[in-house]
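Novice: Order-wise, the sequence lines are chains Z and P. Numbers 0 to 625, taken from numbering that gives the first Met the number 0, label the letters of the first sequence in order. Numbers 0 to 625, taken from numbering that gives the first Met the number 0, label the letters of the second sequence in order.
In short, the hints are calculated from the structure, not lab data. Check before you lean on any hint, since a few could be wrong.
Covered, in the sense of this in silico footprint (three residues per stretch, anywhere, with C-beta under 8 Å from a C-beta of chain P), are these stretches of chain Z [claimed, not checked]:
1. 48 to 58
2. 143 to 154
3. 295 to 301
4. 371 to 377
5. 420 to 426
6. 525 to 533
Pairwise CB distance ranges (calculated) [said to hold, decoys possible]:
7. Z:K596 with P:L563: 28 to 36 Å
8. Z:V598 with P:K263: 48 to 56 Å
9. P:Q601 with Z:K596: 53 to 61 Å
10. Z:Q51 with P:F220: 56 to 64 Å
11. Z:V598 with P:A487: 55 to 63 Å
12. Z:Q441 with P:K379: 33 to 41 Å
13. P:E169 with Z:P57: 46 to 54 Å
14. Z:M56 with P:S591: 55 to 63 Å
15. Z:D556 with P:A487: 52 to 60 Å
16. P:V615 with Z:E261: 40 to 48 Å
17. P:E266 with Z:P57: 35 to 43 Å
18. P:K379 with Z:T430: 48 to 56 Å
19. Z:P57 with P:S591: 29 to 37 Å
Cβ atoms here follow ideal geometry from the backbone N, Cα and C, with glycine treated the same way.
Read off the chains here:
Protein chains: 2
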Amino acid sequence: MEKWSGKPVSFADSTIIGGFWKTEQDLCRKVTVNAVYDRFEETGRFEALKMQWKKGMPNQPHIFWESDVTKWIEGAAYFLKKERDPELEAKIDELVGRMERTQDTNGYLNAYFTVVEPKARFTRRTDHELYCAGHLIEGAIAYKEATGKDNMLRVAMKYADLIDRVFRVEHSAAFDTPGHEEIELALMKLYHYTGEERYFKLAEYFINTRGTSDRDETYSFTDQEHMQSHLPVREQVTAEGHSVRALYLYSGMADLALETKEEKLTEICRTLFENITEKRMYITGGVGSTCRGESFTFDYDFPEYTAYNETCASIALALFCRRLWLIEADGRYADTAERALYNTVLSGISLSGDSFFYENPLAVDPRRNAFNDSRPEGLKEHLPILERVKVFGCSCCPPNLVRTIGSIGDYLYSTAGNTIFAQCYMDADTTLHLNGKTITLQERTEYPCDGKISWTLKSEGNFTFAVRIPGWCDKAELLVNGEKVPAAAEKGFVYLERDWKDGDRIELELEMKVKLWEGNPEIVDTCGRVAVTRGPLVYCAEGVDNDDTPLRDVRIDWDAAFELEKAEVAGREMPVLKVQASRREASKALYSDRKGKKVSFQLKLLPYYAWANRGVTEMDVWFLEK
Amino acid sequence: MEKWSGKPVSFADSTIIGGFWKTEQDLCRKVTVNAVYDRFEETGRFEALKMQWKKGMPNQPHIFWESDVTKWIEGAAYFLKKERDPELEAKIDELVGRMERTQDTNGYLNAYFTVVEPKARFTRRTDHELYCAGHLIEGAIAYKEATGKDNMLRVAMKYADLIDRVFRVEHSAAFDTPGHEEIELALMKLYHYTGEERYFKLAEYFINTRGTSDRDETYSFTDQEHMQSHLPVREQVTAEGHSVRALYLYSGMADLALETKEEKLTEICRTLFENITEKRMYITGGVGSTCRGESFTFDYDFPEYTAYNETCASIALALFCRRLWLIEADGRYADTAERALYNTVLSGISLSGDSFFYENPLAVDPRRNAFNDSRPEGLKEHLPILERVKVFGCSCCPPNLVRTIGSIGDYLYSTAGNTIFAQCYMDADTTLHLNGKTITLQERTEYPCDGKISWTLKSEGNFTFAVRIPGWCDKAELLVNGEKVPAAAEKGFVYLERDWKDGDRIELELEMKVKLWEGNPEIVDTCGRVAVTRGPLVYCAEGVDNDDTPLRDVRIDWDAAFELEKAEVAGREMPVLKVQASRREASKALYSDRKGKKVSFQLKLLPYYAWANRGVTEMDVWFLEK
């Protein structure tokens, strides 16, 4: 394995054949893509692209609406890339046509700043213009890749060229760096896709200028930390501020570090990853503990009932991880990507595929929400909602889920030099390029529901196949063509180097037992409590499965034996757990000087991502330890 | 004992001789009375009474400033009643003189509605005019009682007469009942003091009209529940809304029920007391769980870090209890009054006597406050402060503490028929009136630091002496003239009826062991946790005494042996506790699949009321149970 030279393997090189992600992708293609489209149509997001809105009309365009549209296009395009669909393509063509027709002759494109406040273009860094531009670029590349049509890409490049001139060349905008990052990673993608160096230079400019400009203002109610401009990026050693912005920036920084091989920037990316995963990430891979600024807070701060954990933030964390694993071979990046994807990201979408959570708390108490809902506006607290909804005012998460699920194959493999890294496990066929060779692999697995993964090679050649042993796995068995080989991992990977033959078979069995976890003693919310996982899945309990027993009072023994079974939850089959647990008997006294009598009962748990699909009910992840 | 006919025994009939409350009263007289005066002087509250403020001048009078002034006068007067002091009296005379000079000829008195918004008098029920009037009445009675001077009383009566005319007779105000209760109980007091029935009628009118008028509006950001006008008072069966308002109202309702002997209203008072003490009261006697509206929330809702628990609300709870114990002989009322007084009320004032808490949380995490303090205004959460301050913008609690401590003897005894009820225990000499007899009692005790209480009679006669056995006490020993008598309590009291002789001696020894308590399983915040009490005192631990060990991780065994010792905390001697406890070793991992190794250490605890007197440090009341 060579350091510094990781290369992504695009989802386009793989086809999800079966297993967990086949179900997710089919649902997303059949339901989510259309549901998000319909909601955006209804709410005027598509209409806005016509730029015919006038004062007094409904659906005034919002500063970030373009990003919703182009993120949906990006997601839909990932599905089109796999299977053409004239109807879906026509919908996108119509939207792209609107952009072509309404794009300013100088390249500018944003409905709000065209029909509502045309004089305010590029005057307020906090107003998401460049964030929208970033998503336009990503959508355009995806659409070109899917269909070969380059009209959206031309729109995006024309806009990018305007931005390059205004920001990097002429400095004629009123600010220097965007308040909501995203364009940095998008420009790096555009640079790689087009080979045009100016896009690299512009990305580099935005990243390097951040935190150095006195023209970069904040919202009145926020600060520079909120938008990661409190320090030059190479001095940022803790994850601060708005969590989605932070992780989009860090992803762009990782792209830049990979490209330039700069030691310092690489080290900062690693430091930020460690600050997040060792101090500021929920066990579900959720980040951004607070609704106040949707932001990171301080080390070991993990309130459960008010955990914000925006779906987009965990998507962004996975994006950051996928870049870090190109920089160095370390299984912890895929561990964290999986933690985010299998728990918080998927919690963001209902099992029916058409409803969404923006926030993903670790526990909910319907009594608290009911009380809060009964309060007048001025006396409400901000609480996560208890049931997913079809669309949000700020509806960034739904199309972000579409593009993430549509391109989930991006998380399968990476390469570096002569090594193929098997990062995350999915049932998929892949044909990838390695040192000039074309390698075809058939991966078969029920992961994350089962720990068996096999690969059958459909090519031959001398190369190294690096198999990841996840951090949660205590015991792994590895066979090559039926013969056991040592499964001792080095930073999370077992390296198998040989002259591979067509038909060679690698079998991995990850021991996937149910495990209890405790939080660091510095976490005030988890002291005395344990969380339950199996493989990468975090489990939770819901009142609806447990006779509405007060879940916070449930005690689980460290040595408890869990029963695993497949069961249907809201029509979806999944691995659920049962365990003998205990809780106190109901009692009348508010405070009692006697230790409450415990009763034993069977606690039922389900994967966290599947919570809240059967009505309003209590939910909890952290149980008392016994 | 006769039901329905309880009579209060005024603090004026007692003199605190020594013990716990002597220390509190001396400090209050020497420090607090003057400190509050000085802060009110500095902030313009006294100057405002001159009613010479004009636009552009500093210290614009606030709608509730009169209540601060008159509550301070009331408190100072309680001390004057015990010991005349020309200097203090002169200060009050000056303030009363200002009121006399600036009171409107029609009786109206409120600086804000005289110099700032004179046209808005009696137009907004949410603007505290009648609340201020109530405190004026209470202050005036106290001052007349202390000095014999009736000029403040004349001011108060003149104002009360205006209010009677405007509200009850003419209905010429823009609303019918006040948004912030207080005047109801004050009018009942004025009725008893003057014998003028119109004050009774006005109190009754305000209480009976509440919740029935469509002219009674709310703040834009609140609702009728916030000010207890969501229902007629006889239909209010749960404690709702702003906790101080609620408890001032309930106190007035109890006054009315006692006076009229109305069964329904009595039952409602009992129901509200039970809702509070069985569902909505912290173990420290704190009430009003949330800062949002300073209000009651829902059953079993006891967040610890954000517990609001306003000092005034616990004072008001004690006031309600003191009225309830006149309605019926039940020790639970004094139990609750003590819970409030010895914990949350006294937590409201520093051991130095000059600094105050408005909010009294059950746990604090200085990391959370430090982070929050670093946030820009728009991203801050409301958190309790960590160190007491000298004065607040809304500085109701400091003078409320002065009047509570000054008149603490009000909590000593009550009578009913031929029975003296010993309600709360203090080291005091008392001469009270019982059925035409004058009875002198010498009570000696170090309570709440020690469980021994003795009474020596300095009178003779046939009567019943009812000794309260607190609810927390499992074993009590009672001696009369050295001979053991059965200490079996009936609803919290042991009744000793005999022909008492001068020199008779009653000795009570309450077993005062350290006890652990658990919360009801429905309380999400206390599951798996225990609180420590000894007698009426709730204990807490502070980081400063415990090497900054993470207190939330501390585990206490239900069978642990506590060591009691007297120790100095910030210069005050008090009973502190030590116990062998355990906690996990510090760890690097954010989440660990291994049960953390425990280390045993000596946990030091101090009475909750003494917390936060030695700088910013972590504090916790609920520990993990082992």
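Novice: Take the hints in turn and mark each one as holding or not.
Specialist: Here is what the structure says about each hint:
Interface restraint, the stretch 48 to 58 of chain Z with chain P: violated (0 residues with C-beta to C-beta distance below 8 Å; minimum three). Counting residues of the stretch 143 to 154 of chain Z whose beta carbon lies closer than 8 Å to any beta carbon of chain P gives 0, which falls below the threshold of three, so the coverage claim is violated. Coverage of the stretch 295 to 301 of chain Z by chain P holds [criterion: at least 3 residues with CB-CB distance below 8 Å; count 5]. Restraint check on the stretch 371 to 377 of chain Z versus chain P: 4 residues with Cβ-Cβ distances below 8 Å, three needed, restraint holds.
Counting residues of the stretch 420 to 426 of chain Z whose beta carbon lies closer than 8 Å to any beta carbon of chain P gives 0, which falls below the threshold of three, so the coverage claim is violated. Counting residues of the stretch 525 to 533 of chain Z whose C-beta lies closer than 8 Å to any C-beta of chain P gives 4; at least three are required, and the coverage claim holds. Under the hint 28 to 36 Å, the C-beta atoms of Z:K596 and P:L563, about 29 Å apart, fit the expected range. Range check, Z:V598 to P:K263: about 40 Å between beta-carbon atoms, so the 48 to 56 Å window is missed.
In this structure the hint that P:Q601 and Z:K596 lie 53 to 61 Å apart at CB is violated, the actual value being about 31 Å. Range check, Z:Q51 to P:F220: Cβ separation about 38 Å, and the 56 to 64 Å hint is violated. Restraint check, Z:V598 to P:A487: a C-beta distance of roughly 33 Å breaks the suggested window 55 to 63 Å. The supplied range of 33 to 41 Å is broken by Z:Q441 and P:K379, whose beta-carbon atoms lie about 55 Å from each other.
A beta carbon spacing of about 50 Å between P:E169 and Z:P57 agrees with the range 46 to 54 Å that was offered as a hint. Hint check: Z:M56 to P:S591, Cβ distance near 57 Å, so the stated range 55 to 63 Å holds. Taken as a hint, the range 52 to 60 Å is violated for the pair Z:D556 and P:A487, whose Cβ atoms sit roughly 43 Å apart. Taking 40 to 48 Å as the suggested C-beta distance range, the pair P:V615 and Z:E261 conforms, at roughly 41 Å.
Take P:E266 and Z:P57: their Cβ atoms lie about 54 Å apart, and the range 35 to 43 Å is violated. At roughly 54 Å, the beta-carbon separation of P:K379 and Z:T430 lies within the given 48 to 56 Å, and the hint holds. In this structure, Z:P57 and P:S591 break the distance hint of 29 to 37 Å, their C-beta atoms being roughly 54 Å apart.
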